[in-house]
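Participant: Taken in sequence, the protein lines are chains E and U.
For reference, each letter of the first sequence is one residue, going 1 to 282 in this note's numbering.
For reference, each letter of the second sequence is one residue, going 1001 to 1236 in this note's numbering.
Just so you know, these hints were derived from the structure itself, not from any lab.
One or more hints might be untrue.
[Stated by the list, open to error] The calculated DSS-like cross-link candidates involving lysine-lysine, where the alpha carbons are at most 25 angstroms apart (straight line), are:
#1 U:K1143 to E:K88
#2 E:K91 to U:K1161
#3 E:K88 to U:K1132
#4 E:K148 to U:K1184
#5 U:K1198 to U:K1153
#6 E:K148 to E:K127
#7 U:K1014 to U:K1132
#8 E:K127 to U:K1171
#9 U:K1132 to E:K127
#10 E:K148 to U:K1153
#11 U:K1037 to U:K1114
#12 U:K1114 to E:K91
#13 E:K88 to U:K1198
#14 U:K1004 to E:K91
#15 U:K1149 to E:K126
#16 U:K1149 to U:K1114
#17 U:K1227 to U:K1184
#18 U:K1143 to U:K1165
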Amino acid sequence: MKNVAKSAANGKKDVKLEESVRTLRHGEETAHFNMLNLSFDPWGTEEEWRRRYVLHPDFDVSENVVIVEEDGEWAGGGTAWFREAYLKNHKTVRVYGAGDLYVHPNHRGKGVYSTAMRSLNQLAQKKGAALGFAYPAIYRVPSLALPKYGFITVFNPLTHVFVLNPEKFFQFLISRAKKAYFPEKFNRMNFRFSVLFNTSDNRREVSGVFRIEKGELNELTKTQDNANIDLTVKAEVGTLLRIISAFYLGQRSLFSQVLLALIKRRLKLRFSLRFLRAFLGL
Amino acid sequence: MIDKIIDFRNRIHKEDFRFTLTPEHWNILYSPESVEKRGVATVARNGELRGYAVYHLVNLGEARVYDVREIVAENEEVLTQLIDQVVDRSLKDDVDFVFARTCEDPYEKVYAKKGGLAFMESVVMVALLNPKEILSALSEDTKDGKILKLHIKGFDSVTVKVGTKGIMLAKNEKPDLTVSTDGKTFVRLFFGKTSFAKELFRRRISLSNISNWTTANHFFNMIKHDKWYIPMGDWV
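Okay, chain U solo, but in the shape it has when bound (with noise of 0.2 angstroms):
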């Protein structure tokens, strides 16, 4: 059934920005023997895996609550019928209210419909540790570009091949231009919270050579990451 479930959870978020998910990560995130009750509501058709929900029954001071972990679902209609079965679920257990967070969901409204009320209560913030890592990821194979040199305010720079089709990390060669910004900035950029030409306009870019901006504004919008998948189980 795990493995099911993590091959569905990829398929469906095969696009994301995720973390890895192995069976040892889900016994240990997902199904922990410290919470009072744990479960996962399922909606299947002919065989095949369509939907689930985690949930896992936690007392929060005097309140008996499902605190819904993950939620995974390939349409409206399938999260639809994960809720009613999570609702339906705590009715039995006593408990007092549902929390399901989500990760910019595209189906959100389901849960309006479904009369949920929806407020903020956490953030997911991130830090730049190492450009170069995440760079050195996404090269690949590329053999005409433009040499971009991107200075992060402290980090090393980085040099980078920006073709039309992908980036490949370049040593040696000199830049056609050279971008500098910030860790803040390029995290932003990376996850699509931002774009190029307003960083650029807020002056927290730069270039050497302002006619290349099309090489830099094509390089951010090949490394960008727009859409995301951190569901509450995987958070520590």
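Okay, chain E solo, but in the shape it has when bound (with noise of 0.2 angstroms):
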């Protein structure tokens, strides 16, 4: 499709760098599924390769998905899904839907997902799209990096849940929050998470002790003294997920969560000088 000449910064040199988009062609499937779960570590089966890639109406990978070369190396790409789209007088504009942006490990930080992403655009505009989509997770990156190609946020649907298993809805929240990251002022500090649930025949409460190391959540096997506990949250299920929202929503409505949280006494904190050093960046 195009060529682009560019500079990236590697190691102290500054190579140019030749960049090129194509679209994928027939005969590279098998290879974009496998650079597709090296990239997102895992991405998914064949069989869910096959339903948005050969299955989905209106779908050609010769046409829909853009791949990214960097000095003719398979770096990294992305795909449109097209719709058509009602309008309130009942007649339809085609949109598409932006997904699957990927980067290969080994080309991470020289703007393959920039490009990626500006030549889905592009793609979808020349076939016509009035609108594009993306649906990213509040906690991850695009949901950040999407703005600069255009995106805003236009609508937050609520994820309902309803917990039968509170263990196992615990252990899901913190494999959540391994995916996220945490400042590193927070790191080598240790924190306790208690969440109380009230299922339909008692009131049970589920904990974990975890440990932020380069800026990741670790969890603690062994057991800690309360001395070396730099944080503990203990919270209801429901206002622990209200104020995760508010986090992601800004400053100010997590600070408003959690002041109402502890004034209606659903949410107990108990911190060390440490922890509060380090919150107040002081």
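Starting from the two chains in their separate frames, assemble the complex, guided by the hints.
Facilitator: Here it is as structure tokens:
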């Protein structure tokens, strides 16, 4: 589709990279599936790939799948799925959904994501799409990156959860938290989370102790003395979910949710001086 | 059954901005073979469909989860019955938790009444790619009206005739006013997430002739789509 020469920082040297954009070729389907799994670690099954890339109506891999190459190497890409959307006068316009944006681990930080995203918008415009849609999770990078490519948050769908097994739901929340990046100022700090669940027959408390290392949350298997805990959070599950949502909506929203929960005694916090200093940036 | 479901969805959400759903889309998006189990809970009265919920049984890490891809009900009572049906089935399938995402649903409070906990996990983001296509689709025969030239940064200008009941794309007519804005503000106005007055005050909209501000306000009110329906099953 196009070739662009650009500079990229590679150690101390400034190296000129030849960047080109094309669409996937027939015969490269397996390579694309493998690339998605390598980049997302993991992406999904071959059956799921077939559902999205072969069986999806009005979809052709050689037209809808963008590949970005750096110096002839497959570096990343993205996909456009087209739909028709009803307007209130019952007429339709063409729209597209952007998805499966990935960058090969060896090519991160070189602007491959930007090239893929811009190319997808251009491809969609050429194919007559009036609007582009994306559905990022609020705790992942794309929700912060997409405004650079013209996207803005328009709808905030709510997720309602009916918890039947509190332990498994607690593990699920922790698995999501492990995907988030924590500021380095909290490195080597220990946290205890206790979540209260009101089930139909009783009130259950599920807790765990965690430590942040290199910006990542890790579960501690050994029990810790209270003296070693920098922050203890004890909350009802509904309150905790509202606070997590507020965290991504901004500082003001987070502050008001935490304050409300503390006043209503649905949240208890206990922290060390070390944590307070780090939190306040002192 | 698929045809009945699609007709019902189109009836309940007829006023909403939404994607078209064909039986082919349904099979791929709502009834895929790549999940462990899939099902549709329905509520019918006198042989007429009153509501349905589509769910997939998926594994998230070590958890077994019912992921409700879409839930459409004509009233609160039907929604309550659908939630009960889905939770009952999930217990039989030894599920750990049930997820249901809603599109700013008027019956949202029913979920809390049934013990659901609400939180935000994803957002729907939109980018403007071709304003002329949108205005062309909204264009209807309009005899009288003022000529408005819309200039959105990064796009070719579009000229429309703004009548009392509709808008029509206009060609080679001298504009009564020019409205300038950016793509993001246009999207916010189009989906009713902000008002013309607010954006004018914030200087995200400028007018060549302020005395014609009512025409610009009327234009944005007429193109506004503040009701939407894009259930999770339609996401890619």
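Participant: Would you mind marking each hint as holding or not holding in the structure?
Facilitator: Each hint, compared with the structure:
no.: 1; hint: U:K1143 to E:K88; result: holds, 21 angstroms
no.: 2; hint: E:K91 to U:K1161; result: holds, 19 angstroms
no.: 3; hint: E:K88 to U:K1132; result: holds, 17 angstroms
no.: 4; hint: E:K148 to U:K1184; result: holds, 11 angstroms
no.: 5; hint: U:K1198 to U:K1153; result: holds, 19 angstroms
no.: 6; hint: E:K148 to E:K127; result: holds, 22 angstroms
no.: 7; hint: U:K1014 to U:K1132; result: holds, 23 angstroms
no.: 8; hint: E:K127 to U:K1171; result: holds, 24 angstroms
no.: 9; hint: U:K1132 to E:K127; result: holds, 14 angstroms
no.: 10; hint: E:K148 to U:K1153; result: holds, 15 angstroms
no.: 11; hint: U:K1037 to U:K1114; result: holds, 24 angstroms
no.: 12; hint: U:K1114 to E:K91; result: violated, 37 angstroms
no.: 13; hint: E:K88 to U:K1198; result: holds, 24 angstroms
no.: 14; hint: U:K1004 to E:K91; result: holds, 21 angstroms
no.: 15; hint: U:K1149 to E:K126; result: holds, 24 angstroms
no.: 16; hint: U:K1149 to U:K1114; result: violated, 51 angstroms
no.: 17; hint: U:K1227 to U:K1184; result: holds, 18 angstroms
no.: 18; hint: U:K1143 to U:K1165; result: holds, 10 angstroms
When each numbered hint is compared with the structure, violations occur for hints 12 and 16.
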